[in-house]
Amino acid sequence: MSLALSTLLYEWRRYMAAVMALALSGLLVLAMTGVFIGIGKGFTATIERSSADIIIMQPGATSLMGGPSGVPRRFIPLAYRNPQVIEVQPLDGAGGSFQSVKNVDPTMSQAERARQGAPKQEFVQASIIDTTPGAVTIPTDYSQELVDALRQPYTVAIDETAVTKLGVKLGDRALYNGQTVTVVGITRGYPNMMQANIVMSRDTLRMLGQADTGPRVGPLMIKLRDPAQATVVAAQLNALGEGQWKAWTRQELADANAGAMFEEGILVIIIGGCVVLGTIIGVAITWQTLRGAIMANIKEFASLRALGVGMGSLNRIVMELSFWVGLVGVAAAIGLTLLVQMLAMANAVIIALPPILLLIVGGGLVVIAMLSGLLSLGILKNSQPADLLR
Amino acid sequence: MSKTSTHGKHGDFAIEAKGLVKRFKSGKAFIEVLKGVDFDARHGDLTMVMGPSGSGKSTLIAALSGLLRPEEGRVDTLDVDDLWKLSSGKIDKFRLDHCGFIFQGFNLFPALTALQQVEVVLKFQGLSKGDAKRQATATLKEVGLGNRLGQRPSALSGGEKQRVAIARCLAKNPQILFADEPTSALDGENGQIVIRLLRRAATEHGAAVICVTHDPRLEEWADRVIKIEDGVIIDDQRRTPNPDATLASH
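Heads up: the protein sequence lines correspond to chains D and V, in order.
According to the UniProt record's numbering, the first sequence is numbered sequentially starting from 1.
According to the UniProt record's numbering, the second sequence is numbered sequentially starting from 1.
Everything labelled a hint here was simulated from the structure, so no lab data went into it.
Quantities reported herein were computed from a predicted structural model and do not represent experimental measurements.
Treat the hints with caution; some may be incorrect.
Per label pair, the in silico range of CB-to-CB distance [as the list claims (entries may be wrong)]:
hint	chain 1	residue 1	chain 2	residue 2	range
1	V	Gly150	D	Lys381	32 to 38 Å
2	V	Gly130	D	Gly335	54 to 60 Å
3	V	Thr246	D	Met311	38 to 44 Å
4	D	Ser2	V	Pro52	38 to 44 Å
5	D	Ala17	V	Gly130	20 to 26 Å
6	V	Pro52	D	Ile280	50 to 56 Å
7	V	Lys141	D	Ile356	28 to 34 Å
8	D	Ile280	V	Lys141	34 to 40 Å
Even glycine gets a Cβ: it sits at the ideal position worked out from N, Cα and C.
Start from the sequences and build out the full structure, keeping to the hints where you can.
In structure tokens form, the structure reads like this:
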């Protein structure tokens, strides 16, 4: 074991401040970026778990909902011209107010009613599925029971993360745009971090008066005879569309959807700010800690110099030490972030940590540590062996 | 005995210095700590440099060993003509190859075991891992610490720590060994062990041992006693050492 590593392990308390500074810088960046990726994942979840092999949208659109992604209705028969296409259904959706309903006993006093709390009203986004068996609009992870339940008129499903927000539970009634609906399903894995999302059948949406009936429809969900051909067929469909539409394979769209979020200027500013702050804090604290730790061993370093060990070798020891501090910092950062991730998950906030993010932030932390080491090298000049001779 | 070998011929000059002058700035004035000192030391000799504090004895060995550049004078050592003409890197290399240092404080890395303390220096000298370990173990046994190899400084007594520091020097098999008050932080018994080890380094390994001390009782072991006061050598005597002398507890 090298001198640097032995020192770090034996005097770990001395280096704790540096490790914690790195860990917290890492946490800051990982958690912030992870939250945003998580929000993106919430949006892309509907794409990734859709049964559609290909999705046709307006050119330029990268998101299923929110934004002009729909196409003219006449594109539906056009898409069927490809022999691989066996089903085309437009995605439909709407928005409205969602209000929980309290069962009010008319014999209650006013005070007792007040104690029940007020009903909640939220604006929600509604999206649809077709309840015909095997429909292309049904997400792959929906159970048959859920589809069957949604087939009943005026029924909706909400995600478990929206239960508290909307103030309803399974079986409760609620008002959607003033009309009574029943919550018949609770989904898992479709987190609603911003606006809550409710799912209903196309027929229910029609009965509520919000279905697309005009010349334009939402994005087209397309099922293929052979899903493995998706890439080929998407290219054929794009050629067929002559630029009027864009056909995406499911994975392409999910990737574009996640990427599109980071084109938002504000996200770049927030994450960029975190990176800059994390770097400054990390470097400052790690630098000072390393300086102090080296200073504490300065006599030992001086005695090595007296024995003829050159400045370059001592510099290398310090750089190696910084490297190890960085590695331990990365481990601590990832550990802390996983902890925060669990905590967030319990509160329905997704912090997504793709390996590439861990790699980039981990590498960054090691660079920060090495940079701090580089800044601390000056202190080694104090290792004057002549000072030991008095 | 270990693999360590002897150097030079007993009685050959290991180090020769002429006209060393060193000044320190003190406020606006300069204090001359060395006032044209001529000095030499021979292989196989335990040369004792004695003097009151502030007499310049530590500055002298700093200038002799390439740690502190004197304003005037030259140091010829082993096969090097005028040490101070070399670049600082070359001076480091010279010390790495040929010099050992023992300080009053032991200056051992708290994180390393006795064995590792010695190994570290040997590895910097370019020894392979296996050779460094073998050499370090042999040297630690030579200083009587064969059973303390795995101990960290916190588990060692002051005397043992100084012996580790001595092993760290001896393992390099130095031709010149500088010791600065090596016994003053130790009790009589441990001090005696240390001075005997230095004596042995001179007699058996032929090293030129230059030991700075203010402790007159160490004179018993010396081949030569040089007295320095106010930056000038005032006395230089050869004597016959008594290797069996005892050092009473201070």
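* Whether the CB-CB distance between V/Gly150 and D/Lys381 falls inside 32 to 38 Å -> 34 Å, holds
* **Cβ distance range 38 to 44 Å for D/Ser2 and V/Pro52, holds or violated** => Holds - the Cβ-Cβ distance for D/Ser2 and V/Pro52, about 43 Å, lies within 38 to 44 Å.
* To do: Return holds or violated for the Cβ distance of V/Lys141 and D/Ile356 against the range 28 to 34 Å.
  => 54 Å, violated
* D/Ala17 paired with V/Gly130, Cβ distance criterion 20 to 26 Å -> 38 Å Cβ-Cβ, so the 20 to 26 Å window is violated.
* Confirm or reject the claim that V/Pro52 and D/Ile280 have a C-beta distance inside 50 to 56 Å. => 53 Å, holds
* Distance restraint hint 38 to 44 Å, applied to the beta-carbon atoms of V/Thr246 and D/Met311 -> Given a distance of about 43 Å, which is inside 38 to 44 Å, the answer is holds.
* To do: Mind checking the hinted window 34 to 40 Å against the Cβ distance between D/Ile280 and V/Lys141?
  => 52 Å, violated
* Asked: That 54 to 60 Å hint for V/Gly130 and D/Gly335 (C-beta), does it hold up?
  -> 37 Å, violated
Violation of the numbered hints given earlier is confined to hints 2, 5, 7 and 8; the remaining hints are satisfied by the structure.
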